[in-house]
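Q: Now for the letters of each chain:
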Amino acid sequence: MAVTEQLLEALNLMLTGMGFVFVFLILLIICIKALTKFAVSIDTRRDDPVPSITPAPHAVKAQQHGTPPEVVAAISAAIHQYRKQHK
Amino acid sequence: MAVTEQLLEALNLMLTGMGFVFVFLILLIICIKALTKFAVSIDTRRDDPVPSITPAPHAVKAQQHGTPPEVVAAISAAIHQYRKQHK
Amino acid sequence: MAVTEQLLEALNLMLTGMGFVFVFLILLIICIKALTKFAVSIDTRRDDPVPSITPAPHAVKAQQHGTPPEVVAAISAAIHQYRKQHK
Amino acid sequence: MESLFTLWQSTGLANFTPGQIVMMLVGCGLLYLAIARKFEPLLLLPIGFGAILTNIPVAGFSEVGGVLYYVYKVGIDTGVFPLLIFMGVGALTDFSALIANPRMLLLGAAAQFGIFATLFGAILLNFVPGFEFSLKDASAIAIIGGADGPTAIFLASKLAPDLLGAIAVAAYSYMALVPIIQPPIMKLLTTEEERKIEMEQLRPVSTTEKILFPLAVLLMTILFLPAATPLVGMFCLGNLMRESGVVDRLSKTAQNELINIVTIFLGLAVGSKLSADKFLTVETLGILGLGAVAFGIGTASGVLMAKAMSKFGSSQINPLVGAAGVSAVPMAARVVNKVGLEANPHNFLLMHAMGPNVAGVLGSAVAAGILLALTGG
Amino acid sequence: MESLFTLWQSTGLANFTPGQIVMMLVGCGLLYLAIARKFEPLLLLPIGFGAILTNIPVAGFSEVGGVLYYVYKVGIDTGVFPLLIFMGVGALTDFSALIANPRMLLLGAAAQFGIFATLFGAILLNFVPGFEFSLKDASAIAIIGGADGPTAIFLASKLAPDLLGAIAVAAYSYMALVPIIQPPIMKLLTTEEERKIEMEQLRPVSTTEKILFPLAVLLMTILFLPAATPLVGMFCLGNLMRESGVVDRLSKTAQNELINIVTIFLGLAVGSKLSADKFLTVETLGILGLGAVAFGIGTASGVLMAKAMSKFGSSQINPLVGAAGVSAVPMAARVVNKVGLEANPHNFLLMHAMGPNVAGVLGSAVAAGILLALTGG
Amino acid sequence: MESLFTLWQSTGLANFTPGQIVMMLVGCGLLYLAIARKFEPLLLLPIGFGAILTNIPVAGFSEVGGVLYYVYKVGIDTGVFPLLIFMGVGALTDFSALIANPRMLLLGAAAQFGIFATLFGAILLNFVPGFEFSLKDASAIAIIGGADGPTAIFLASKLAPDLLGAIAVAAYSYMALVPIIQPPIMKLLTTEEERKIEMEQLRPVSTTEKILFPLAVLLMTILFLPAATPLVGMFCLGNLMRESGVVDRLSKTAQNELINIVTIFLGLAVGSKLSADKFLTVETLGILGLGAVAFGIGTASGVLMAKAMSKFGSSQINPLVGAAGVSAVPMAARVVNKVGLEANPHNFLLMHAMGPNVAGVLGSAVAAGILLALTGG
Ligand code: NA
Ligand code: NA
Ligand code: NA
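Residue numbers (our numbering), protein chains in the order written: chain A, 117 to 203; chain B, 117 to 203; chain C, 117 to 203; chain D, 5 to 381; chain E, 5 to 381; chain F, 5 to 381.
Hints listed in this document are in silico derivations from the structure and should not be mistaken for laboratory results. Do not rely on the hints blindly, as some may be mistaken.
With a straight-line cut-off of 25 Å between C-alpha atoms, the simulated SDA-like cross-links for lysine to any residue are [said to hold, decoys possible]:
no., chain 1, residue 1, chain 2, residue 2
1, D, Lys315, D, Lys256
2, E, Lys342, E, Gly380
3, F, Lys42, B, Asp159
4, A, Lys149, D, Lys140
5, D, Lys140, F, Pro208
6, B, Lys153, D, Gly317
7, A, Lys153, E, Asn351
8, C, Lys153, E, Gly33
9, C, Lys153, F, Tyr36
10, F, Lys77, D, Phe352
11, F, Lys256, E, Ala40
12, A, Lys149, E, Ala296
13, F, Lys256, E, Leu96
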């Protein structure tokens, strides 16, 4: 294949490809917007709209409370034992 | 193979199979009982019969003491350091 | 192959092999000594000769301070929370 | 223009077959069960996802060169994945309750009647036009009654690879549905008084017993049913690693990373068998129906056996624990505990149900060995 | 004596070719970048080490029977390793920023112009004597502009296995060099005022949205570009495992042990392609040059797109975030943040840059699918 | 009736051969050593279990289609498993003691005389009727004296696959028996005074040295003995990942999950070679005897070398540390420490013994390379 012919093909590929990428990602934008509406409708139907429009629950737990309750419990017990041992 | 013939075979398989499962598991019951006696005789020969007729040692440790001593030690050190830092 | 011939070959293998092992590891000794000098010259050029002629930093941290600062911080927070909860 | 046409021809839209769309919806359904309903998510999520991937037109996930093709070849065709899962499950299982009360094995035996009755039922279905199950097919389908995923996949991969997808999906789905399927049967076959029976506390079990147990099980299997040793052997290896206490790092890896990695790939590979031509058949309907029957019969025969043992045996047995004999660890034991608590709020049957529960795993592995030995592995 | 001679003949000294020595130095160079400069060490360290091993005379690491031969056959030839990395990356990726502001996908699209322009450039290079890139070669080279390692390796293994080593090395090297390549281009194309623009805070995103997102992406890919589903599908599987919250143990394993194991082997296998005869060619120089151009054009088109969107759109966009559209997660987003802070010390763009950053991953996977579909996978 | 007969014919009882029973007892013996005596349990437990599984009649674990067959083919036949273990061991090894005192390499060299003397001894055994070891066989047997499991398995898989089972079992058993084999020899060859010698404290070693060390070792191996680069190369890769500090997640995985997974399978695969026809031969007796001799000679030559170095060298060396030169990391170093403490309760030799100990690993890998190069790999 002559280089010029290849160049034409490459140009064609560039235009088609770049166009397709844009079309695809624009469709995805639309899709995500629809998805968001759908998610809100699901979450409100479940009657607990407030917590669901926040980050994932486990993330919240870690950020807000800092230390998970099990760890606090374990450490409390450890401190208790430590005090008994060091009286 | 005619379905009736297959049915006979399936019936045969059902009876043999179910019978075998029972025979096998009954033999296993006997085997476990023998094993228990054997285990007791091994453990008494080792002269420490009391702890061995209890759940696995690591399980005991976790259940009885709640917090393993290394953790207590680590936390004690941490508390010590914490107090020094916050004086 | 006659066993005697094999024996000669084995003897040959023994001498060549053992000799090679020694030569190789002696060369490696020289190589390590060169490497040490090279490492010192690199480290001094980096202008922080003192910390680099000590064991790896993370090892030091674990040995000297006992408890890493993040753990201390986490436990401090936990103790704080624990006290609040048990007032 | 030409490349636009090539591009169009390579879209999914231009290549879909109706069957593929239906199977993708099946995959979505499995994802829904896994995520929204939390039904056996560890397997139904990868299976559902695998079902979607395998039915994508053009992509060729399950054709030579596709990733699911390789995963299936390496893991299921060889039988290696279910065996590794079994090793991990062995490393996760505590047999104390069974060693303390070995008679519970009888419940694990009785519940396997679900398997053998279903085998008979599958052949009976051949009278219905459209069904033509061979004895191998019937055996592979019947193992759904064993309520044990890896056993079902292992046996199906040996006896009826074409039905593997439907069998695995049925097995895991019904295992997830245990809390719905079992309680009515349990209540139907027991009186309020029986359900209130409290059982005596189990004796503690020594480490030595726990170490010898997997070896004893393996010995019996070697002597009487070598065909079951792949399953039982790997299970016992896992359990021995756990109980011996000398290879904790291997045991931990078998219980965690290794079983997790294999679970992802096993799920995807099973899902890859959910292609339209294999799944959308009248046989699948039969398999789903037979699976439900198998679970029901297994539960019933476990409960009835427990009643019989309680009547004729030395110590009283709450017949509910018989239901745990189908395996479906630990779901079935939890269901027993829950139904027991409804009748008697002070009656905690969980530990007592663990015995028949793990006995059921052994029972169905033995049943699988018998089916392999008799219908030709 | 004879055995001494045999021994001498089996030393490296007696068998070195100049090319092997040069390639070992290249491997050492990669190790230097990885260890002393901390440039993408997770991949450049194993790649560099693999390059050294594969060029050892006599040892035959990459010949039939050698360990790197097997690793390459099993992991790269089949395409399995890059797909598993993609699954792990999916499990590691948080799409919140993109779901909150989906228009950022346009930046991820624009930055892919780096890929397609480079494809054209590679063919242009054929005018220079010594270069004879086919369209497949050109496509595989162009994907370097996608700034995504596993995508580049996957596509190169399908379209131009001979160039795989050079392409992977170029891709990872330039990804490591993002903090050097991007800032001058970003500053050239934006005014001080534009760089100071603060963006409004992103809304929180619900768990439901996060669960539906990977399924939506997969659906779109199935409908319009099935050729991209291996990459996109495994990525979405990882992300679904992460967000569904019901298979945490699988998600953790995919994010850690599994991706680590695969990374070691992927690196070694890529390194095994850095043999003298494949790497020490004029084509490699071309690939390195084209890769730099691709990164530059990708960055520029992302920034220009962001400027256009800011001008014609409803809300203001800091054009710097466009540069993150090339992917190179999370390095490119950090660079954006850093350049933004230089202009306005109160302007934290990191979260805003994460949207185009992960959009760039999807964009280049889509671009890879198109190249596979059009130049024949 | 017929199916009862089929069932009987498929029991183990009806199919056992005496050899299989003996080999299962051997397997049980290995399990006993591993569990009750804690002798190298990480390998002897899976090897013992594999020995039991492979000798189960009918089950066909090691025949085409059996799980052990696949594991062996994939992991041992290719040489991949021992190499991965070596990578993990490299990631677990700290070379500080050796870098601080590189002369200790001489002890690691001297102890390899155990290997080469045994090679000669194995050929000598051919004078005894019933023994017909080829030079390859003799080399594979001799490597037991290297006291390093993966090296022995790697070399045996290349030179004498039929003897692999016996060689691996001998290697690991004697490594476990180091605390019994070594002390009498150490005491015989040293005076009380010599055992009391205290050695000067080792200097600290910089990170830069630790990073350069694996590269230097690899360089020397490439130059002078490429045949050893599979073993040494993977070892150095692991060590470089450890010391470079930039790929901690890969290093952790190589040290833990990856090495654990491979250890399970390696053990099973080695055990699968313990079939009656390969193991129950007079050659096995010869191998066991030669292995013991190899360990003894290795220990002795290490100690004697240390004495010579102490006499002619600049600084005093406690001759006990020479015994650690056989490798058997870290058992041999611990034995040195213990015997040293008996003579002088204030003399902690552990750190000093680590130098020759890891030198022994390199030494036996080098010896394996020589044997491969000279007897034709
Ligand atoms: Na069962
Ligand atoms: Na990209
Ligand atoms: Na050694």
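Q: All the hints need checking, so say for each whether the structure fits it.
A: Status of the hints after comparison with the structure:
1. D:Lys315 - D:Lys256: violated, 42 Å
2. E:Lys342 - E:Gly380: violated, 41 Å
3. F:Lys42 - B:Asp159: holds, 17 Å
4. A:Lys149 - D:Lys140: violated, 51 Å
5. D:Lys140 - F:Pro208: violated, 69 Å
6. B:Lys153 - D:Gly317: holds, 21 Å
7. A:Lys153 - E:Asn351: Not satisfied, since the Cα-Cα distance of roughly 30 Å exceeds 25 Å.
8. C:Lys153 - E:Gly33: holds, 21 Å
9. C:Lys153 - F:Tyr36: The hint is violated at about 50 Å.
10. F:Lys77 - D:Phe352: Status violated; Cα separation ~49 Å.
11. F:Lys256 - E:Ala40: Given that 25 Å is the threshold and the Cα spacing comes to 20 Å, the pair holds.
12. A:Lys149 - E:Ala296: Given pair Lys149 (chain A), Ala296 (chain E) is violated - Cα atoms ~35 Å apart, limit 25 Å.
13. F:Lys256 - E:Leu96: holds, 18 Å
In this structure, the earlier hints numbered 1, 2, 4, 5, 7, 9, 10 and 12 are contradicted, and the remaining ones agree with it.
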